[in-house]
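Q: Based on the sequences and whatever the hints tell you, model everything.
Residues 1 to 371 (UniProt numbering) make up the sequence shown, in order.
Hint data in this document are derived by calculation from the structure and do not stem from the laboratory. Since we're looking at a predicted model, the values are computed, not measured. Where is the CB? At the ideal position from N, CA and C, for every residue including glycine. Warning: the hint list may mix true and false statements.
FRET-style restraints, in silico, Cβ to Cβ [unchecked claim]:
#	residue 1	residue 2	range
1	193	173	22 to 32 Å
2	25	323	14 to 24 Å
3	99	312	40 to 50 Å
4	346	24	33 to 43 Å
5	10	163	55 to 65 Å
6	208	10	17 to 27 Å
7	208	124	37 to 47 Å
8	173	111	35 to 45 Å
9	160	326	51 to 61 Å
10	211	336	18 to 28 Å
11	230	173	52 to 62 Å
12	160	99	19 to 29 Å
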Amino acid sequence: MPALLKTGSLKTRIVWAVVLILMCLAPLVSTEFRLSLLAKFLALAILAIGLDLIWGYGGVLSLGHGVFFGLGGYAMAMYLKLQASGAAIPDFMGWSGLSRLPWFWEPFRFFPAALFLGIAIPALLAFVLGWFTFRNRITGVYFTILTQALVLIAVTLFVGKQEWTGGTNGITGYQAIFGFTLHSAGTTIVLYYITLAILVLAYLLCRRMVNSRFGQVLEAARDGENRVRFLGYDPAGYKTLAFALSGALAGMAGMLFVLQVGIISPSMMGIVPSIEMVLWVALGGRGTLIGALIGAVMLNAAKTGISEAYPEGWLFVVGGLFVTVVLFMPNGIVGVYRNIARILQRRGESSHVQAASEKRKVFGASGDTGR
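A: Okay, here's the thing in structure tokens:
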């Protein structure tokens with residue numbers, strides 16, 4: 001049995017190595033538009049991996065990751081907008097009656113500051129929220145409702161403060177970064193490889209965490225928090241750190257998303273996008289990391305394809321997938337794959353046992369004849 005498991009692991013690694021090589025070769029065979037779409041899907045997969053870390057391994061369902069995603073997206077959009085505006089203030093501020101740039105916009109003139117804040121602000125918000133909720137042992141459906149309330153507050157704030165955030169239209173109207181046009185072929189390829197590299201690093205980081213003692217305690221707290229507490233561990237601390245990392249990954253995904261799409265608005269951080277994010281992880285298989293990646297890419301690719309052919313059909317697909325996953329695929333695509341592999345392995349073992357038994361019977365009969 002150990003040999004079979006090692007062989008399966010080796011085969012899996014080979015398969016994913018081949019997939020990674022094909023992903024690296026995608027710019028050679030894909031159009032600029034399709035490559036930009038693929039990069040967008042990979043950016044969203046970074047968020048899905050972070051969400052799987054806190055939900056799949058920590059057992060904490062968050063419906064507020066749209067906020068962390070949006071904060072990262074706005075941080076990058078603010079930098080790009082200031083670069084496009086030059087010495088003047090952004091156009092939507094002038095339309096709203098402002099004559100000076102708000103003080104909290106000033107750090108976003110510099111790319112290192114915007115990059116840092118795009119990760120740090122979502123992580124800090126997630127850390128503070130997790131600290132107060134997990135310390136007070138607010139979990140389960142109550143925590144989920146709290147994160148959904150966070151989304152409502154954030155969307156209301158970003159829509160209401162139009163002079164600061166662009167209101168319902170969001171922040172758009174930027175075309176370049178570091179002097180390179182965002183939608184040129186060369187920039188699209190570079191952004192694709194950057195997104196792919198960050199996705200791989202995010203996956204490896206989370207994989208290392210879940211395979212460490214940190215991940216073991218996190219899973220143990222998911223299955224029995226009181227037992228973990230009685231053993232001397234602090235489940236709240238582990239959950240808070242996992243939630244903060246999840247928020248940071250969502251912020252990074254938001255920044256990469258803005259570079260690919262060229263716009264960020266409050267509608268992208270609302271309740272519906274947050275629910276879709278959960279659906280990505282559920283479809284792929286929560287508690288697997290790779291399942292979250294698969295679910296994010298597959299579901300968003302399906303969304304794009306169906307929207308192109310039948311724009312009104314996407315909502316029906318989302319509803320149908322949600323029902324299918326809950327009723328027939330509770331462990332997602334990866335869970336179905338593992339069940340099939342387990343069945344095939346058992347059949348292979350039983351056939352080997354049966355063959356060995358028949359062989360012993362034949363040799364036993366031959367020995368009886370010889371005597």
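Q: For every hint, state whether the structure bears it out.
A: The hints, checked one at a time:
1. About 26 Å separates the C-beta atoms of residue 193 and residue 173, a value consistent with the hinted range of 22 to 32 Å.
2. Between residue 25 and residue 323 the beta carbons are some 37 Å apart, a value that contradicts the proposed interval 14 to 24 Å.
3. Taking the beta carbon of each, residue 99 and residue 312 are about 44 Å apart, inside 40 to 50 Å as hinted.
4. Against the hinted window of 33 to 43 Å, the Cβ-Cβ separation of residue 346 and residue 24 comes to about 37 Å, which satisfies the hint.
5. Hint check: residue 10 to residue 163, Cβ distance near 58 Å, so the stated range 55 to 65 Å holds.
6. Residue 208 and residue 10 have their C-beta atoms about 19 Å apart, which keeps the hinted 17 to 27 Å range intact.
7. A hinted range of 37 to 47 Å is violated for the C-beta pair residue 208 and residue 124, which are about 23 Å apart.
8. The hint said 35 to 45 Å for the Cβ distance between residue 173 and residue 111, and at roughly 18 Å that hint is violated.
9. At about 36 Å, the CB distance of residue 160 to residue 326 disagrees with the hint of 51 to 61 Å.
10. Between residue 211 and residue 336, the C-beta spacing of about 23 Å keeps the proposed range 18 to 28 Å intact.
11. Between residue 230 and residue 173 the beta carbons are some 56 Å apart, a value that agrees with the proposed interval 52 to 62 Å.
12. At roughly 20 Å, the beta-carbon separation of residue 160 and residue 99 lies within the given 19 to 29 Å, and the hint holds.
Hints 2, 7, 8 and 9, counting from the list given before, are not met by this structure.
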